[in-house]
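Undergrad: Sequence:
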Amino acid sequence: MNRVVIITLLAAVSWVCNSHGPTETGAEVEELKNEVEVLKKKIEYLEIENARYHELSLRLSALESKLDQAAKNEQHSSSKRQISGTIAFSAWLNSELSNLGPDHTIQFQSVTLNEGNAYNPHTGVFTVPLNGVYFLTFTAEDHRPHRQWLKLVVDGQLYSNVVFVPSAGNAMGSNTVLARLRKGQAVWVAVDSRESGNSLQGWPDLKSTTFSGFYLYE
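Residue 1 is where the sequence shown starts when you use full-length UniProt numbering, and the numbers rise one by one after that.
Don't read these hints as lab results, they were simulated from the structure.
The beta carbon of each residue, even a glycine, is placed where N, CA and C say it ideally should be.
One should not assume that every hint holds.
The calculated label-pair distances, taken between Cβ atoms and stated as ranges, are [claimed, not checked]: (1) Gly184 <-> Gly101: 23 to 29 Å; (2) Gln157 <-> Ser65: 41 to 47 Å; (3) Thr25 <-> Glu64: 23 to 29 Å; (4) Asn161 <-> Asp205: 27 to 33 Å; (5) Leu67 <-> Ser193: 29 to 35 Å.
Here are the simulated DSSO-like cross-link-like pairs (lysine-lysine), alpha carbons at most 30 Å apart as the crow flies [as the list claims (entries may be wrong)]: (6) Lys183 <-> Lys66; (7) Lys72 <-> Lys207; (8) Lys183 <-> Lys207.
Take the sequences, apply the hints, and build the full model.
TA: Okay, structure coming up:
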């Protein structure tokens, strides 16, 4: 019951008290007193009910707010699951490279998988699309008797190396890392800064020099 109803009842009590003059009998006065007490109790009851109504309204508003936030969280989680389920790439070198200088970025031109389109075959760079832990691996092949030293780089910082020396034929080196990365970071494979004159074997049909990765979890 709202405040308007309570005020109306109080006005009714006042009218009852003022509408009877001093000539009323004692019985009539007593009856009026009883009516006043009944009205007072009704008003007290209505005040209690009004307080309960107010409390329930607050609780309902709080529950609606929690429900709305839970729906937003679920939508956000669903969106992240959809994104994380489509972050994976794998590319390989399809032609031979030689005379590579220090810090030269390897462009793995041929792409077998690029879910999420986060890998750029023109630059050789994987741009992290979502915060989380990633599985990253790279493999290199060559046949020249010269030490091959490559590195996995994240935003210019060294994360891992591959070192191998071909002798009597083709040789390969590989490395794999788990890395916690942030959205927007750049990941690529390059010649180590301490090396020069490196070469890598690439084939149009053999996927031996590769760069791959995928999202694991947040």
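Undergrad: Confirm or reject each hint.
TA: Quick rundown of the hints versus the structure:
1. Gly184 <-> Gly101: 23 to 29 Å: Cβ of Gly184 to Cβ of Gly101: about 27 Å, so the range 23 to 29 Å holds.
2. Gln157 <-> Ser65: 41 to 47 Å: Since the Cβ atoms of Gln157 and Ser65 sit about 43 Å apart, the hinted range of 41 to 47 Å holds.
3. Thr25 <-> Glu64: 23 to 29 Å: Given a distance of about 57 Å, which is not inside 23 to 29 Å, the answer is violated.
4. Asn161 <-> Asp205: 27 to 33 Å: holds, 28 Å
5. Leu67 <-> Ser193: 29 to 35 Å: Taking Cβ atoms as reference, Leu67 and Ser193 lie about 55 Å apart, which means the hint is violated.
6. Lys183 <-> Lys66: Measuring from Cα to Cα gives roughly 29 Å; hence the hint holds.
7. Lys72 <-> Lys207: violated, 44 Å
8. Lys183 <-> Lys207: Cα-Cα ~29 Å, so holds.
The structure does not agree with the numbered hints 3, 5, 7 stated previously, though it agrees with the rest.
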